[in-house]
Amino acid sequence: MIGKWSVVIEKNILKVCVVLAFCCMVLLQNNVYGATTENGSRSNPYLVQTESKLKNIFSNNKKTSVVYIAIVGNIKIKDGIKVTQGRYMLYSSGGERTISRSKDIGDDVNKSDKYCFKISDGAEVHFGDGMGGYKLYLDGKKNQISFATKGFIKVDDSSTGTIGNACVVKNVTNYNGETEAGAVRSTGTLNVYGIIHDCDGVKGGGITIKGGVCNIWPGAQIYKCFTLSQGGGVYVGSYSELRIYDGEIFENEALEEGGGIYIGGSSHLLMTAGIIHNNKSGEEGGGIFGTGLGTIVNINDGWIYGNDAGASAGGVFSGYQAGLILGSGSTAPTISGNEARGSGGGVRCNGGIGEGHGGCTVIYNARIIGNTSGNLGGGVACGDDSKITIEAVNIFSNSSVDNAGGLSIGKNVEDINGGAIKLYNSIIGENGATDKGGGICTDSSVLMRNTSINNNSSRNGGGLYIGNTATVHMWMGSYINNNYAYNNGGGVYIGEKANFLLTDNNIYQNNCAKNGMGVYVRGKFQMFSIASVDESNEVYLTRQTYISIIDRLLKPSGYVAVIRTTLTDPGTIIAQVEYSTDAQSELYYVGDAVAELNNQNCVKKFSVRNIGENKLLRPTKFVKTYVDNEIIISEKYDVIFNKNTSERVLGMPDNQIKFWQEDIIISGVTVRRNGYHTVENKHWNFQSDGNGATLKPGGILYANGDRVLYAQWEKEKVINLFINATDRYYVVNQNIKLDMNELVKKVKVTDDTYSNKKYPIYIKNIIDVSGKNYYERGKNKEYEDVNNSDIVLTEKFMNTESVAAFIVTVCSNAGNNSSYEEKKFGVYIVNNNDYNPAVRFISKDYIDTLNKNSKWNLSMRNRLEERLNKKEGQGMKKYKMSKEMVNEIKKNR
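One point on numbering: in this note's numbering, the residue at position 398 of the sequence shown is 430, and numbering is uninterrupted.
Please keep in mind that the hints were generated in silico from the structure rather than gathered at the bench.
Glycine included, C-beta positions come from ideal geometry on N, C-alpha and C.
Careful, some of the hints might be misleading.
To be verified - In silico lysine-lysine, DSS-like type, Cα no more than 27 Å apart, as pairs: (1) K647 / K546; (2) K110 / K135; (3) K747 / K790; (4) K747 / K714; (5) K87 / K174; (6) K110 / K174; (7) K108 / K135; (8) K656 / K637; (9) K167 / K110; (10) K108 / K87; (11) K419 / K529; (12) K94 / K108.
Stated by the list, open to error - Just the calculated beta-carbon pair ranges, DEER-fashion: (13) N449 / L260: 39 to 49 Å; (14) V635 / E897: 48 to 58 Å; (15) E774 / E897: 20 to 30 Å.
Could you put the whole structure together from the sequences, leaning on the hints where they help?
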């Protein structure tokens, strides 16, 4: 009982007063904590400040309910505590409390390689739940101990240990005996709400899970832990589960794999929230390392950033047949700012060598941003012989020192269900690689759907580099745009054995320093449907490469591709149609091969930039030695017909064109020249002098090159002459001199060569109506030159003084014995006063029979019609001959 005290300080009395005061304090303390009523309930917890009392509570407890233990003083663990039954809540009361390992090597906990707490046989211990409002520290004193120790807490099978939100585990080492152990080792269930920091272990600096379950909850922190091998923060092995619902794992380090977390041995990691950052590994997996058949790393959400790996996978490594799941349909983890000296700055999936490498990776709705790789795959690197599916992923602003700034895919990688890798609904943007594939570099086949590759850069294949024997099929709303290559292939680089299949997509606004702004082709480039490469983004074809058209091209207008090619020689194949049609149907929008041959308008789907004006694309339908399903570079030649004379030539054909290795039939028209004919079988000649190759009209021209065809002429030999003479009519006393010139002025002589040559005309004889020989050539003229066509006759042949009728015979020759001809015509001198019947020189009824091209019809028709419409006496004149006179004339003609 406490009473009133009156203290008088006198000599030798001070000591007594101090002792009394201490007794009062002890009594007061006992009353405060209710020592006489402790029962382990929430309201009356056990008050513990010694190891022995704590051990006694654990050993003697028979309760099935939770036993509450208030730590009221700092406790040093010398022997080690075993908890084999019951459920317990330990928390600090009256201030922050520390339970620490003894520093004395002679204490049993140290010399017997014991954990400070061992929880087994179904027991449950919860350290530091914050009920008292103070932190409970579990301190391993590593900085004050120079010898190896075990960890601090061990949770055995079927038991549960909880690091509560007011618990801090710190300064623990576990380097004594066990090959897989950290500060906290569990084969049962471990819950972490609190903090574990500055702890070291053999495998798992902070936590080691072997065959159990570890749950990391909101508020948990594991940091600055270290391991000589794997799992700087957490090590998970042997069919265990690690579930991260929130919290942080940061600034941990592993000299080997898994700076933040190591998971293997067919174990599972599920991360639905939380942050894993700034961890470091000497080898793979700066943030997380998952390995082994049956192991699954499932990161539904959360943030993994700033981690560093000495080898591969700055952020996450999943390999040696381990599976990896990034994201889910509704959540998207972010993996950013990680760095790897090897491959996979952000993620290295299914890597490894030898037996056991490969596995399944599903990346569905994730963000992989700003990671760096010293080798392949700044964002993601997927190793050989793996399985992967990628959907709804943003891979942005990553970089690699070697290949694949964004995404690297190794050899023999396939989709998780087999076949080509599915890359759907994703964006690969603003990534950079030093060598190949700024956005993507793949050695395995990929099926791209609704995916954009943009604003990436590298030396070759700024957007996409396709290597090995891979086929990349780009379809359904995918685009490659605004990428850049410092060498070749701004948009796409197709390797020597690789294939790029472009369907209903577009490639545009890419650029490069050298060749192939859009696509650089060393392998195979296939197109169909509405596929196109924008005409500003040329397709570059190296030697012996071409575009394969595997089905109908459906772009309605504009170039499907504008091409630049290494070889520009005629015959170079530019495209090949690989379905059931010929090449011309896939070359022309308007026209065809024949229309182009005839110089008709044609509109084409393809163009080649670096060929001269005389070269063009042609289908091989008519090209010798080629099948008809290819589009080639051809050459256009001019075929010019030259008349080879300054004289007029009739029937000259129009000039033609010819294409490389396409035979053409030249014009079948025979040209004509007065006095000449073309040489038989040598109508046209390659040389003007006739010493070249010859062609007939309608012949086939085989030779390539521009060609002038010269007409070859021979002077005509006249065989037949033709004389055209019409009857002449005169009127008595007409006062016309009927001499030689008058009589023959309407006589025309032509020959069978149609030469228009003038031939001499002679009057052979003139016979009057009575049959008397009125004139005979050579007998009644003073002078005659038979060789002169303009013969001067001095005598008067006849006159118009009276009515008369004569038959005149004219003749001509061409100067050889076989070319003689003669013709008779009548000359009539009539008097208008004779009796009927009347004879008109022209009738109104027959005026339309005039030759349309005659001078009478062209110049006199109007006047003739006017006069014929008048009556006699009004300007019309009638002339009459007797019937006998007419009959006599007819008889003698």
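* Are the Cα atoms of K94 and K108 separated by 27 Å or less? -> Holds. K94 to K108 sits at ~25 Å (cutoff 27 Å).
* Asked: CA of K656 to CA of K637, is that 27 Å or under?
  -> Status holds; Cα separation ~23 Å.
* Pairwise hint evaluation, K790 against K747, where the allowed Cα distance is 27 Å at most -> 16 Å, holds
* Asked: Holds or violated: 39 to 49 Å for the Cβ distance of N449 and L260?
  -> 41 Å, holds
* To do: Below or equal to 27 Å on CA atoms is what counts here, so check K647 against K546.
  => 23 Å, holds
* Verify the proposed pairing of K108 with K87, using a straight-line Cα cut of 27 Å. => Within the cut-off at roughly 12 Å; holds.
* Is the hinted pair K87 and K174 satisfied, with a Cα-Cα distance of at most 27 Å? -> OK: K87 and K174 at ~24 Å, within 27 Å.
* **27 Å limit on alpha-carbon distance, applied to hinted pair K108 and K135** => 9 Å, holds
* 27 Å limit on alpha-carbon distance, applied to hinted pair K167 and K110 -> 22 Å, holds
* To do: Look at the Cβ atoms of E774 and E897 and judge whether their distance stays inside 20 to 30 Å.
  => At roughly 28 Å between Cβ atoms, E897 and E774 fall inside 20 to 30 Å, so the hint holds.
* Between K110 and K174, does the CA-CA distance stay at or below 27 Å? -> Holds. K110 to K174 sits at ~15 Å (cutoff 27 Å).
* Pairwise hint evaluation, K714 against K747, where the allowed Cα distance is 27 Å at most -> 14 Å, holds
No hint from the list above goes unmet by this structure.
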